[in-house]
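Line order of the protein sequences matches chains G and U. Heads up: the first sequence runs through residues 2 to 265, numbered per my numbering. Heads up: the second sequence runs through residues 3 to 242, numbered per my numbering.
I should point out that these hints are in silico values taken from the structure, not numbers from a laboratory. This structure is a prediction, so every number in the text was calculated from the model and none was measured. There's no promise every hint is true.
[Claimed, not checked] Derived coverage of chain G by chain U (criterion: at least 3 residues anywhere in the stretch with Cβ under 8 Å from a Cβ of chain U; other residues may be distant):
#, stretch
1, 75-87
2, 118-127
[Said to hold, decoys possible] Residues of chain G placed beyond 12 Å of chain U at every Cβ, according to the derived structure:
#, residue
3, GLU93
4, ASP181
5, ASP188
6, HIS230
7, GLY238
The beta carbon of each residue, even a glycine, is placed where N, CA and C say it ideally should be.
For reference, the chains in residue letters:
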Amino acid sequence: MISTPPPITLTTTGIHKSFGSHHVLKGISLDARKGDVISILGASGSGKSTYLRCINMLETPDQGSISLDGESIQMRQRKDGRMEPANRAQVERMRSQLAMVFQSFNLWSHMTVLQNLIEGPMRVQKRLRAECVEEAEQLLQRVGLFERRDYYPAHLSGGQQQRVAIARALAMRPQVMLFDEPTSALDPELVGEVLKVMRALAEEGRTMLVVTHEMGFARNVANRVVFMHQGVIDVEGAPADVFGAQGSERFRQFISSHQERAAA
Amino acid sequence: MIDVDFFLETLGKLLAAVPTTLGLFFLSLLCGGVLSLLIVAMRVSPYPALSWFARGYVLVFRGSPLLIQLFLIYYGLGQFEFVRESPLWWVLRSPYACAVLALALCTAGYTAEILRGGLIAVPHGQIEAGLAVGMSRLTLVRRVIAPIALRQCLPAYSTEAVLLVKSTALASLVTVWDVTGVAQQIIQRTYRTMEVFICAAAIYLVLNFLLVRAVALLEHRLSPHLRARPSPVPTQTRTV
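Isolated chain G (complex conformation) (with noise of 0.2 Å):
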């Protein structure tokens, strides 16, 4: 079958990153089609959440470009030789695109759920009270927390405070949804309810990059699989190739000692 590949919505090219004297990325360069559900693998220390962190300037790439719908993030350099955002403006407007969910759920804990849901949509984007809670509530329903909407975070467990943080995320209504690592953090019990949320946006056709552990989402859910190793990518491709044979020698190694850990 023949069809035209959905247009690319995310670039990023040449990005490097160090902190200190530790070269963290050495170029990573990747693209995200429409719809893409892109996982991000590796050790521990091999830059993958550094990465994720660079594509809403969370960390600020030395080197590099970042374009989001055919809009580049203008860098300058600084005196010295390092890069930063010479247009905040413009950083601000593209990271209400880019949704970040993160490891440790980081809801605001003075707002209630609601409010949590609401914030951005309101503070950011200006739009209308009335509509941003009438949307949260729709997406409070769809991650089955629409009875906690007045619950404040400190009152939920951690896998509703990491759906209401999804929710959260989706209530900017973004082109890009950034994971990072957004189940390490969880009981093992807890995983699979945020798992769950996660695939039926991939299903139906949300564009996101997730930096996981999950193994079963990388290879059953993903429609590409990014192995990263030291600083740059060691190998990509469809889940079926780089599971597969086409795999390199260290990404099985990595898949080994992780269904040790399992399997321990």
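Dock chain U against the given chain G, drawing on the hints supplied.
Positioned in the frame of chain G, the structure of chain U alone reads:
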């Protein structure tokens, strides 16, 4: 024996001075509060010169006796002719204004450090969550950083406010007729130290009690997220 008539008469005179004490307190709390925001902004700013200035300010005004600061402002500055001839003299020649100035400068040093503690306690993840939805720096401060930091500060700040109420008594030493000043005046005329000072102390005690209750109420109102979980969710679900 306690002379009830004398006691009531004294209480009446001292109560008449409460507005002066409260005026000193609220004015210096307000001015000190505004100043402390400035100091803490400098302290946490990325510019070393501002940060070091704020450190120096806190060192001086927190590290030296308030009474000496007050004397320096009231008695000391008046020695200089250029001060007496400057427009500042309009403020500095008034004992009341000097007392407010000294109290405000001093409390600003303490309050700035309390605020800095509150800022440090804001979880970094919640700041990043604000950045990640595209909040501007102003929105982030207004909607995330300030509400969390100020709640963290309240207990320590209520202590600072109590200390400030008591510090207003020093104003009596530069001829301000506050509660303590009036008490001393009565004692000089009657030599009845015990009754008068007990009466004065009781007034400060009541003021501070009300103050602490007010802050506790504010803290309670602002911290629903730190209280116990609400009662279980009703099984009946609302339809949208």
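Item to complete: Please flag the earlier hints that this structure goes against, numbers listed from lowest up.
Response: Hints 1, 3 and 4 are the ones this structure does not satisfy, whereas the remaining hints hold.
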